[in-house]
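Residue numbers (our numbering), protein chains in the order written: chain S, 1 to 281; chain D, 1001 to 1271; chain X, 2001 to 2278.
Just so you know, not all the hints are guaranteed correct.
Using 27 Å as the maximum straight-line C-alpha spacing, the simulated DSSO-like pairs for lysine-lysine come out as follows [unchecked claim]: (1) D:Lys1130 x X:Lys2104; (2) D:Lys1120 x D:Lys1069; (3) X:Lys2224 x D:Lys1129; (4) D:Lys1129 x X:Lys2104; (5) X:Lys2185 x X:Lys2166; (6) D:Lys1108 x D:Lys1186; (7) D:Lys1154 x X:Lys2166; (8) X:Lys2224 x D:Lys1108; (9) X:Lys2254 x D:Lys1154; (10) D:Lys1120 x D:Lys1130; (11) X:Lys2224 x D:Lys1130.
Calculated directly from the structure, the hints in this document are not laboratory data.
Here is what each chain is made of, one letter per residue.
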Amino acid sequence: MSSAASSSRPLMTGGGTARPPFTSLRRRVAGSPWTYRLIVLLIVGAIWQAFALAIHSLLIPTFTATVQGVFTLLGDVKVWEAFYLSNQALVIGFAVSLVVGILAGLAAARFRSIEGFIDPYLNILLVTPMAALIPLLIMSLGIGMASRVVLVFVFAVPVMIVNTRAGVRQVEANLIEMATSYGASEGDIWRKILLPGALPAIMTGIRLGLGRGVTGMVVVELLFVGVGIGNLINEFRGSFDPDLLYAVVILVVVEALILINIVRVIERRIAPWASGTVLRE
Amino acid sequence: MIEVDRLSKTFPGRTGDGAVEALKDVSLTIRDGEFLTVLGPSGCGKTTLLRIMAGLESHDSGEIRVDGKAITGPGPDRAMVFQSFALLPWATIIANVAFGLELRGVAKSEREARAEQLIKLVGLSGFEKKLPGQLSGGMQQRVGLARALAVDPKILLMDEPFGALDEQTRRLLQEELLAIWEQSRKTVLFITHSMEEAVLLGDRVVLMSPRPGRIVDIVEVPLARPRASAVDDMSGSAEFAAITADLWRRLRAMQQSGQRADAPVPVGASA
Amino acid sequence: MNVATMKSRQVHPPRFSAGAMAGRVGAGPIGLLIGAILWELIGRVAEMPFFPPLSAVLVRLGELTADGLIIGNLFNSLGNLVIGFAISAVVGVLIGMLMGAYRKVEMALDFYVFALLTAPSLVFAPLFFSIFGAGNPRASIVGVIILYTIFIVIVNTTAAIRSVPKPLIEMGRSYCANDRQLFTKIILPSAMPLIMAGLRLGMGRAVKGMINGEMFIAIVGLGKVVSSAGDRFDAEGVLAVLLVIVCVALVAVKIVQVVDSRLTGWLPSTSRQRRRNA
């Protein structure tokens, strides 16, 4: 980590050692992550383009065609309507899963004695492919908003319960002891110590749950209930518009990213002391 | 013999802070078999000096020569004992002690035999198969010491090895270190921020001061050797108190004059 | 001293408390047993077509197995799982290590890794299908499994490499370790716990990817069986196959946990518990 001796530092005398042009710009570009991300994107795009042109398949669009497709879709009212329709289920389902997930997680952390009993169920929940439950949902609630909302809920809730519980449990015990020694009641401890302390992990759970909720939103439409985004995907498959198909997929991914970033921004506002969180599922 | 010849090292500043002169024109000669302690407030460059000697850090100008040859990187003639112990948590004690030998390609039976000897020397017989997590801090540092001795270095570099331990453990280990050293008389460079420790252990105390890091004085410790068996008497003696008090006076002066100046805190240079 | 405080002073002997008994027998199996009983009772009483009692589901499972629908498809699905997981593990750990070691690689890839990690991976199933075609469903399914699994492996591996304590690496260097020795003797063992955590999470995801992929492609495997049962509104059938899938998933994750224990036996028990419950 040593620098060369001071002589390499530019002297501020008149007509002193000249630096090569654009040094500070070059340094910023070389140091910025976006440079490298762009390079990766261009490499992937080039490979994709070459592959698609070589294969000449009706089903595989070129990189450029896909990019065009994205813009085409963004300008199409039908697409926005589909996204709006799908997202209704997401919003409602996610809101419910937020409330239930956090409350259940807090309860699980509070009643430690039943931990042994509920652990296997949580493990099963985390591992079950919820998509397989869709037929049961349709049998009970029909093909409509209700089953879509329930599916979003069912996708998002397990990870929120687990993270909330973990968040409460990792609050340092000596903080609780300290508060008790100052005469805090149980309610005080929850409000002033456990909830703020668990907040980073809860936010992580929310972020993860949101990602899964988006998945649930799309999955049910893709597999069973032909509305919204899932319907678009199936439509483009049928009409052999591969560029539009790929473009929709990209738009879905972009939506998930935007939503998650919004949560990140909120997280930084309300829990600024949280340093990098380790991914928990 | 170790010769430090006008050693200088500057750490480039991070954006916003200035660069830090960790060492400026530091010169020093260490005799073979000498126990040299280095004392000074944080930022005086004592750890940087040690790390350059270990080959972990580069330097800007000047040279360190061991028996005439300049140091360019880590080498088999030097071994380091770390303040944080730096033991491999997944390896048994005997594997940890043998680690330096393992890196050199020494065969397993041979290196374990040697490790066994050293484990006995530091008083940890019976703990060979344990993991570091099962040992107390004082025991872990003994493992660190055993590991350093296992490679039979000419020079032992010790970076505040007892800094992370409680007072009582520290005193016991100081005695034990003296006893072990008196048997082998290796050259030792020992960093500390405790005046008592510096005087108790060292033949000479190098006093350093920060901003820029430089040697202010080298104080002879005329206390008799061997000391290991007489530690308690020694640390109670008037002579000991006088030297320690003098060192503290000078350290305190350094701290106070340092607080007036508005210099940046060195990055990575402090102990 | 009033009645209230006197009562609160009494200590009841804990001989027959539920907690004590659960501790002896194991809370897990008891909890599952209670759940099974509830399932049976509610299923019988409620009489809703989409919530059949446990017994009916088990009967249906027997029928399906007898018809040969379960075993063959199970092996088919497991084949997909093994291939997909293996590729994800090897490639994922490799990429994770590169990202952990080289800042530039991390800067280049982390955005995409995160994007694909959080995106609904199933939307890529139609894309795989268009590339590999209907003649090669296994390839599409394995592709979906990889998408589900690889990114969490990468993220955890990167964190694992990052988490190696710097003093340990310096210690290695001070004892003249070369780069290869630093990697095999210090970095790899130190990173192993988090890498295994990533693989454990990856396995859970891989099973989901397997089923979701198979349900979408709907040509082979257990996913196909679920899909068909769903089309016929055969609730017992759906739940029967789901039972099998959940068992597969739990066993698979358990296997990873066992391997984990073998490789990271040195980890102190408190942090192991923390990791398991994460």
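Tested hints:
1. D:Lys1130 x X:Lys2104: 40 Å, violated
2. D:Lys1120 x D:Lys1069: Between Lys1120 (chain D) and Lys1069 (chain D) the Cα gap is close to 34 Å, so the pair fails against 27 Å, i.e. violated.
3. X:Lys2224 x D:Lys1129: 53 Å, violated
4. D:Lys1129 x X:Lys2104: Violated, at about 41 Å.
5. X:Lys2185 x X:Lys2166: 14 Å, holds
6. D:Lys1108 x D:Lys1186: Judged against 27 Å, a Cα distance of about 26 Å means the pair holds.
7. D:Lys1154 x X:Lys2166: 26 Å, holds
8. X:Lys2224 x D:Lys1108: 55 Å, violated
9. X:Lys2254 x D:Lys1154: 51 Å, violated
10. D:Lys1120 x D:Lys1130: 15 Å, holds
11. X:Lys2224 x D:Lys1130: Status violated; Cα separation ~52 Å.
In this structure, the hints that do not hold are numbers 1, 2, 3, 4, 8, 9, 11, in rising order.
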